[in-house]
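Trainee: The chain contents come next:
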Amino acid sequence: MNNPQLNHRGELQHLLSIEGLPRDILLQILDIAESFCGVTEREVKKVPLLRGKSVFNLFFEPSTRTRTTFEIAAKRLSADVINLNIAASSQTKGESLLDTVANLSAMQADLFIVRHAQSGAPYLIARHVKPHEHVINAGDGRHAHPTKGLLDLYTIRHYKKEFTRLTVAVVGDILHSRVARSLIHGLTTLGAPEVRVIGPQTLIPAQVGALGVRVFHDMRAGLAGCDVVVMLRLQSERMRGALLPSAQEFNKHYGLSSEKLSLAKPDAIVMHPGPINRGVEIDSSVADGPHSVILPQVTFGIAVRMAVMSIIAGN
Amino acid sequence: MNNPQLNHRGELQHLLSIEGLPRDILLQILDIAESFCGVTEREVKKVPLLRGKSVFNLFFEPSTRTRTTFEIAAKRLSADVINLNIAASSQTKGESLLDTVANLSAMQADLFIVRHAQSGAPYLIARHVKPHEHVINAGDGRHAHPTKGLLDLYTIRHYKKEFTRLTVAVVGDILHSRVARSLIHGLTTLGAPEVRVIGPQTLIPAQVGALGVRVFHDMRAGLAGCDVVVMLRLQSERMRGALLPSAQEFNKHYGLSSEKLSLAKPDAIVMHPGPINRGVEIDSSVADGPHSVILPQVTFGIAVRMAVMSIIAGN
Amino acid sequence: MNNPQLNHRGELQHLLSIEGLPRDILLQILDIAESFCGVTEREVKKVPLLRGKSVFNLFFEPSTRTRTTFEIAAKRLSADVINLNIAASSQTKGESLLDTVANLSAMQADLFIVRHAQSGAPYLIARHVKPHEHVINAGDGRHAHPTKGLLDLYTIRHYKKEFTRLTVAVVGDILHSRVARSLIHGLTTLGAPEVRVIGPQTLIPAQVGALGVRVFHDMRAGLAGCDVVVMLRLQSERMRGALLPSAQEFNKHYGLSSEKLSLAKPDAIVMHPGPINRGVEIDSSVADGPHSVILPQVTFGIAVRMAVMSIIAGN
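Chains as they are written, first to last, in my numbering: chain A, 1 to 315; chain B, 1001 to 1315; chain C, 2001 to 2315.
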C-alpha cells in the first residue's frame, strides 16, 4: 500500500527499484519504450515531452556511461540537463546529502537522476523532495539499478515476445550485481517460470533462493535449455580480498564460450550490461556472434529511460 | 560618471559589483526578477529571451553550486551554455587571462560569467571585451559576488516589502565574505536605515565603519530588534592561521540558536548564502525553522540571475 | 578510389585529414563556411540543420579549447551535444576503443568528434561506424587536425581572395605539428605555387621535401616576399629531450618580431593556431599588430566546423 514509488493514484512517481513495481506498471514502461524506439530512429530524434523541465544528473560516484544514457534520453525529450558531479562539490564542503538536494530542489528541479555508492540514498532523497519532483535511481551501492533491469526485460520481450515460457540464466558475479537483483524481480513479476543463477559459491548470496531462483554452480548444467543467457560483468575493481582465484580461472569455469553456449537453446539470446571484459566473463566469439544482443540492449536502454522519464515527469 | 558597469546611456552593461550601481538599476533588476518568478513555476520553464546567445561559464576556480545556478538561469532563457573549467585548461599552457578571453570572444560570445580567485579579474575582462559582449561577476576573490547580494535584496523585499524601516544584521565572517560587502552596499543604496555587522574582532575588517554600519561584537546586543538576520558561512577552508579558536567556540558566541534569535523581532527572517554548516554558524532548529528563508533565497537567486542576464544581453 | 573520407557518390562522409580531399570538396567546405559567417554575426546565432542529431565530443585526451569550438559549432546548428572525457571513463575499465564507440553508436549517435593521442584512431573508428554515422578528426597524435587546416585555408582565402599567386611560409616546430601537415596538403591542393617551411633542422621532418615545400633554416631568407606567415605554437609540453636550446634562443632565431616580419610583403598576414606563447614564437607587437589575423582565425574556425558538420550530417 505504502509504496514509495507510486503516488496515491497508483501511478509511477519515482523509479527506485523494480522490486515492488506492479506488473501493469512494468508493462506500461515497456510499451511506452516501444513507441520511443521509433523516435530514436528518425532523422530528428526529439519529442517535446520534457520541454522546459530541469533534469539533474546527480552523480555522487562517477559513471560516464550511465550518465550519458540518461543525458541523451533527457535531451531527446527536450529537457534541460544539468550534470552534477557531486564528489567534487558541496559534499566536500561538509554539506549533507539532503541539504544538497534541498538546494537543487529550490532551483525548481523536476527530475533527479541519482547515482550513489550507498544503498538506499535515492529512497532517502525521494522521501524528501516536493510532490512535483521525481527521482530515478541510476544505481545505489549493491542494491538496485532499475533502468538496467528494465532494458533487460525490454530486450527479452523484444526477442522472445513474452515471458511465460522462458528459461532465463543469469551468470557470474550475482553477489555484487545490482543488475541481477533488479532483473530477477522483474522476470518473476512478469511470469518467467524458471530463472537460474549460475556462479561460484563465493559470488552467489546465501539468501538468493528466497528470490525464487534455482542455483547452479556448474555452468554447463545451468545453461542447458535456456532461452536467455544474461552474463554479468566481473567487476574486478570491486573485488578486493580474492573471492575468486583469477580471471583465467573464472573464464574457464564461468566464462561464456561458443562451446558452452551450444548447450542453451539454438535460438538463445546472450545479454550483458557492458562494458564487457572480453576473454573473462565472455569470449569475443560470443560477444560479437549471432546470439549476442548486447548492442541492441544499449539502444533499447535509451528508449526505456525516455519512457520512464516521460511517464513520471512528462508534460 | 565613468562607471564600468553602465553604458553611455546609463544602462547596465556588465554586472561587476553592487557597489556603484544606482538605485533605479537595482530596482529594475528586482522588478524583472519578480516577473521571472512566475516563469520558473510554470510547467514549461523557458522563455526565448536569450535564444541563440552563447553564454560562457568561465570558472577559474571551481564552484559547482554557483555554476549550476547560472547554467539553469541561462538555459531557462534558452541560451546555449558552454561550461569552461579553466584551471584545467589553457591557463596551464601559459596563456594569459586576456588571451583566453579574447579567444572565446572571437567565437562570438555574448555573455561571460566569470569566477576568479583574484579580486578585480572580472573588471579586467570587462574592460577588454567588445561592445556587444557582457560580463557578470560570479565571485572574485574577497571582493564581490553581486548576484548573491541581489538575491538577498530580493528576498528581503519579498518578505518585508520595503527597506526604509528595516534593521538588518549581518553575522559572522565579514572579513572573508564577498556576500557581506555586496549586500551592505545594496542595503545602503536602497535606504535601509540600520545595518549592523556582528562578529569577533578578528573577522570584521577594521575599515567596516566607513560602509555606514554599526559594529557589534556581542551577538545578543546586535540581534535585538532586528527585522532581518543574515548569517554568513564560516568558510573554514579559507581560514588558515587560526583567526578563531574552534567551531564549537564560534557557535557558542556567534552561532544562531533559537534562543538568540528570540531577541530579534518576532517576524524576523533568517537568511544564509549556503551551504550551511549546521551546528557551527547556524543551528538546525533555526535553519529548518519558521523564520528561515534560506531555500526561498535559492529560488529567488535563479530569477535574479535570469533578470540580470536578460537585462544586459536579452534579445 | 577507396577514399575513407568519401562515400560511393564522392561526397564527404568523414573528415579525417585534408590529405586526400579533392579540390572541389575543399572549396565546398570553404564556400559553405562563408555562408555561416553571416549566421554567427546575427543576434540569434542558430540554424536548425542538425536539430535532433546527437553529436558526441569524444575526447581521449583533454583539449578544452578544441572541444569548445566543436561544442559551439554543434549547438549553433541546434544539435544535442554530449561531452565525453574518456580518459576518466570506460577506458580505465579496460574496454577497448572500438567497444566504447560501438556502445555510443548503439545510443543512436550521428556524429563523433574524435580527439586521440594515437595517430590513426579516428580512421579506425570511421571504419567501424554505421553508414549513417560520421567521424570528424579533432586531432590524432602528430598526424592531422583537418578543421584547423581548413580554417587556415579559409582565413587565407578571406584575406588574399585566391591561392594561385601566393607565397606562404610555415614557421617553427613542423615536426610535432599536425596543423602544419594539414595546411601544407590543403595549400598544395588549392594551387599555392610556393609553400615554405622555416625552422631548425631538429624540428623539420627529414622527408618534408616530398610534400613539395621549400625548406629554410634561416628565417629572414624564408620570410622574404611572403604573402602569408603561419607561425606554429612551440609545444614545449611535447618536447622532452631538448630538441632546442631554450625559449630565448628559439625566439632569437625563429620568433616573429616586427623587424623580421618587415621582410615579408607589406600586406602580409600573420596567422597562429593558438594559444600563443608571447615572446617565444611570436612577439606581442606582432600578435596584436595590424598584420595579425589570429583572432579572426578563431571566428572562422567556428564557421568552418559548422560547415563540415552540416555537410556530412545535416538534415
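Just so you know, the hints here were simulated from the structure itself, not pulled from any lab data.
Glycine included, each C-beta is placed from N, C-alpha and C at the ideal position.
Some clues are possibly wrong.
[As the list claims (entries may be wrong)] Anything over 10 Å on all C-beta distances counts as not near chain C; from chain A, calculated:
1) Ser35
2) Ser96
3) Ser246
4) Pro275
[To be verified] What follows is a list of derived Cβ distance ranges for each label pair:
5) B:Glu1259 / A:Gln235: 50 to 60 Å
6) B:Ser1246 / A:Gln235: 38 to 48 Å
7) B:Ser1262 / A:Pro48: 28 to 38 Å
8) C:Ser2246 / A:Gln235: 27 to 37 Å
9) B:Glu1194 / C:Pro2290: 33 to 43 Å
10) A:His132 / C:Ser2119: 13 to 23 Å
11) C:Ala2247 / A:Pro290: 54 to 64 Å
12) A:Gln235 / C:Gly2141: 24 to 34 Å
13) B:Glu1249 / C:Gln2118: 49 to 59 Å
14) C:Ala2087 / B:Gly1141: 26 to 36 Å
15) C:Glu2041 / B:Asp1267: 46 to 56 Å
Trainee: Does each hint hold? Answer for all of them.
Mentor: Against the structure, the hints come out as follows:
no., hint, in the structure
1, Ser35, "15 Å, holds"
2, Ser96, "26 Å, holds"
3, Ser246, "15 Å, holds"
4, Pro275, "4 Å, violated"
5, B:Glu1259 / A:Gln235: 50 to 60 Å, "51 Å, holds"
6, B:Ser1246 / A:Gln235: 38 to 48 Å, "42 Å, holds"
7, B:Ser1262 / A:Pro48: 28 to 38 Å, "51 Å, violated"
8, C:Ser2246 / A:Gln235: 27 to 37 Å, "50 Å, violated"
9, B:Glu1194 / C:Pro2290: 33 to 43 Å, "58 Å, violated"
10, A:His132 / C:Ser2119: 13 to 23 Å, "52 Å, violated"
11, C:Ala2247 / A:Pro290: 54 to 64 Å, "59 Å, holds"
12, A:Gln235 / C:Gly2141: 24 to 34 Å, "32 Å, holds"
13, B:Glu1249 / C:Gln2118: 49 to 59 Å, "57 Å, holds"
14, C:Ala2087 / B:Gly1141: 26 to 36 Å, "32 Å, holds"
15, C:Glu2041 / B:Asp1267: 46 to 56 Å, "53 Å, holds"
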